[in-house]
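Could you fit the two chains together into a complex? Lean on the hints.
Which chain is which? The protein sequence lines are P and W, in order. Note that the first sequence covers residues 1 to 169 in this note's numbering. Note that the second sequence covers residues 1001 to 1411 in this note's numbering.
One or more hints might be untrue.
[As the list claims (entries may be wrong)] Residues of chain P placed beyond 10 Å of chain W at every Cβ, according to the derived structure: (1) Arg17; (2) Leu25; (3) Arg87; (4) Gly126; (5) Gly143.
[Stated by the list, open to error] Pairs of lysine to any residue, SDA-like flavour, derived with a Cα cap of 25 Å: (6) W:Lys1134 <-> W:Glu1104; (7) P:Lys56 <-> W:Glu1190; (8) P:Lys77 <-> W:Ala1259.
[Unchecked claim] Label pairs and their computed distance ranges (CB to CB): (9) W:Arg1065 <-> P:Ser66: 43 to 53 Å; (10) W:Asp1129 <-> P:Phe116: 52 to 62 Å; (11) P:Thr114 <-> W:Tyr1220: 20 to 30 Å; (12) W:Phe1236 <-> P:Asp64: 33 to 43 Å; (13) W:Arg1371 <-> P:His122: 27 to 37 Å; (14) W:Thr1189 <-> P:Ser66: 54 to 64 Å.
It is worth saying that the hints were derived from the structure and are not from the lab. Quick reminder that beta carbons are idealized off the backbone N, C-alpha and C, glycines included.
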Amino acid sequence: MSITTTDEIETTRTAIRETIYRACLLLDDGRFADWLDLCAPDFRYQIKAFSPEIRKEMTWYEQDVSGLRTMIEMLPKHNTDHGRLMRHATVYTIDIDRDGGNAVATTAFSCYRTAFDGINSHLDAGESQLFVIGRYHDRLRLGADGPRFVERTVVLDTRRLDKGSHYPV
Amino acid sequence: MTGIEIDTTRYDSGERMPSVDSRIYSNRQIFEEELEKIWKKVWLVTVHESEIPEPLDFRTITIAREPIVIVRGTDGTVRAFLNVCPHRGNLILRQPSGSLTVAEPSGNANHMTCMFHAWQFDCFGRCVDIPRMKQGYQERLRNEDVALTELPCEVAHGGFVWLSLNPDSGPLSAFTGGAFDAMKTELETEPLDVFHYHKAIIPSNYKLWHDTNSEFYHDYMHYFNRATSMVQKGYFDRRYGAFPNGHATVGSMEVKYDAYKGAAERPLSFPGMERNGWKMVDLFPGATYNIRGSSLRLDTMTPISADLVMIEFRGLGLKKDTAEERAQRIRDHNTIWGPFGRNLHEDLLGITGQGVTMRPGTAPRRILHGRHENNLIHDEIGMRHYYAEWARRMGRSPANPMAAPIAMAAE
Ligand code: FES
Ligand SMILES: [Fe+2]
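Here chain W stands alone, though its shape is the one from the complex (with noise of 0.2 Å):
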């Protein structure tokens, strides 16, 4: 289950101390260049399917700037579709949440209004009402011409709603490929369900996130981490898997909770885990499934522009858990990952302390991604194969990225 050889050679070229150009995550027009050739050309992982249980009941988000509405028909199946009025480009769905069956004060239930000239749209994004419309068009407009742009979406992997601005995306199997072979029975035995939520906006590099959930040096920085885990048996057992368009994996270990203080062993898990394991799936362009024992996390972020990140945290159980199970869990996750939890805080100062060094305009400085430890726990590789996939997409090579950019690699 390691996945590919892993090629590095379009990025550190065999170099003896591979690193790259800080202004990978400085530079304004690398950002809207990300933007154009990764973020709106690849799927990504999304809400949970248990966020919106009930037909007609909708989620909105952002990618790349583009408005979404993801919203689940009367027929039980879930769609995405651009927020986005085709009238005159108002947002349609302003809340974060809800369901299309209350009435909008100038639409009729189970549809999407736009409140704006009150264009209505139901659950499959069809135009059904457009405000006198033979008066004003006349002949020259059809309802299915002003439809809402559906965009491509597969549940999938855990139940998360995966979607892609990309109408030529392909399937969601090609793009994950084998990365969630390791994390197969966990997620897909026994439905889950999201019982927390909250998130972040953290003045960094989205990058240098995804960078913190690929390498596990940084855990000199969690004494939590130090006390129940480095210190312990299969800590540097730990290994890397790498998988085709980006994507990487880390293999488990037995975390000894009780080692820090306060903390308890930690009993729940998942299906096929053993009891206080750990395991990540690490996603290109930006998103960490992280299990340790009792709760699945979920990392997914938002890039808002080269030294600005959104960042959403989720925390999973099983569906079937009881009252006790679940709040359980709950704990478990609080202690460490909740927003007072010990390591998210420290994790999110990491960035936040890179981000100031690495402000659009700052001097290009080196960034060190050169540890080879066999591809174990404090080896780099999870980064490196990173930067490989986006040296492939963005046809610049992040340790010389302002050389002019050559044609996408095949891949």
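So here's chain P without its partners, still in its complex pose (with noise of 0.2 Å):
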């Protein structure tokens, strides 16, 4: 696959903004089995962030699709936070490779948590707090029925995430 005009260049981008943010109103809505379907059978998921701390580059979370096709199916099996998580997302930068049908994508995020069970429901419930801020690194391919996700490195800029969470950020 070759993309070579401008007009084919700004079609392609156009369509890679939307997957993503796509993608993010998927996870919105917690429809985690749409959301793999727009990542290719070889997708990478995984959530770093960098501690000062210990002077390193931690990996915090990572699977591939079946592994997290499993780990969404076991939720329901689990105590979990039940607030929701509702991203606010920009595609920064879309760069192209025009000979490999590939691109790769930044877009800054932030996730906010809105409270159910909160600490205390009865005063927390309802309650919007940030979760965390980072950046989505996405690798794409580019394909006949539109661009898929071959990757997406969440780097995470929080690194205090109190209970933490469940589900894929």
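This is how it looks when you write it as structure tokens:
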């Protein structure tokens, strides 16, 4: 797949941007299976952060597609926080490799949690708090049925996550 | 390796149903007293030596509200000082970590500089520069009078930096006693290396986290543990050991990780540990070493107030790990122990809920610590043993904590 004309480039960029935003909406709505439909079979998902305390880049979460599916399938068996996570994202840059049919995109995002159980639900339910901020570093494959995620590395700037979460961000 | 005979008489007095009063978790006065009688008195495990690998590397922490800097000297020795300027009390180092080799805007390289009036200290805590010293203090001040306060500090038990705010703390070995005997080979054969760090501030009392780490009855909360451990051979044979000064250990079992869909057997281990083994050492007053097959997790706590605690979580492997081995240890660790892991989130929700019912000012309630199962896994002896030591140091009964305090009992 080769992308050459200005029009083709613009159309591709729009499609990529939409795919990233669509993924955000699906994650916001907890539609994980639909989110995975936007991913290639060889998709790899990671959450990383740098710790100045131990002077190392850390991997906090790492899954392939089948791992993500299993994880999602197992969630109902786990006790979990019932708050909803919602993202605000802006796609900053998209770089298209015109011959290889690949693209990389960098998206800044913040992810808020609207409490349901919160700490004490009587007080907290309905309150939105910033959960994490960071960037999505995505690699997408450009195919006939649109761009598909091949890799997402979530690089978190937030390092204190308090009670944490069972869900991908 | 079962440690001492457990004497809980100072605590449960042979009651049919041992319990504590919830005010040990909620009362502000008790909390302040704990800082004085416990946290400022005992040895505490803090950062790992691999966090300050080079001479002049430093880390800053806080214990019982006292700011502390841990620095590796030019001689390679790790030392700890109060991170408090002897001039007018400013915090000296403000970053969590760094290297003193980097010069500060108001100070030279290789020194700790207080930015306020540019007093400078070296890695041995000596005051080495006071601007316009003679003009202002004439002969009335000597550099020796304004050195940083050095704290007892030892590197031990897997390369961790232990320290105490108590200048008379005695040697660390007298405090930890035999608590590490059952984990010695795992911790001491090979140098360890930290690969994971994250922290949580939770609105709950710090002891509730230690309680969680000291009892396994709550495995009912973890689907992961029910599947991989509770229904597996050996689980109900895991035995608690109790050691002087409030420490406890939990014996190993073989965990069947592949009994949880999506988890896999853990081929990597620690020296001397069977594959998929699982051992714990719970340290008074608030730290836990936890080895599950391929990964060592260390929890350390910084109590902030009666109903607020910071918990720091570290994950460690062996320094000699290949890149593949390290990646595997990290994956194993994250499955249950990362901030997105299966179990940690559940554990934190548990103490968050307890924190709600035990806010300062809530009605006193009975909290049961009464399971007797021959010191095996669902016995609550780990907690009872801890509170026997708490009672000794506090001079208070956990079951009747607001009665007038009595003098600290002999060891
Ligand atoms: S307070 Fe530190 S130099 Fe003055
Ligand atoms: Fe747990």
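Hints, verified against the model:
1. Arg17: 27 Å, holds
2. Leu25: 21 Å, holds
3. Arg87: 16 Å, holds
4. Gly126: Non-interface label stands for P:Gly126: nearest chain W Cβ at 17 Å, farther than 10 Å.
5. Gly143: 28 Å, holds
6. W:Lys1134 <-> W:Glu1104: 24 Å, holds
7. P:Lys56 <-> W:Glu1190: 20 Å, holds
8. P:Lys77 <-> W:Ala1259: Satisfied, since the Cα-Cα distance of roughly 14 Å is no more than 25 Å.
9. W:Arg1065 <-> P:Ser66: 43 to 53 Å: This hint holds: roughly 48 Å between Cβ atoms.
10. W:Asp1129 <-> P:Phe116: 52 to 62 Å: 56 Å, holds
11. P:Thr114 <-> W:Tyr1220: 20 to 30 Å: 29 Å, holds
12. W:Phe1236 <-> P:Asp64: 33 to 43 Å: 36 Å, holds
13. W:Arg1371 <-> P:His122: 27 to 37 Å: Once the Cβ atoms are compared, 31 Å apart, the range 27 to 37 Å for P:His122 and W:Arg1371 holds.
14. W:Thr1189 <-> P:Ser66: 54 to 64 Å: Check failed, 36 Å falls outside 54 to 64 Å.
Hint 14 alone, counting from the list given before, is not met by this structure.
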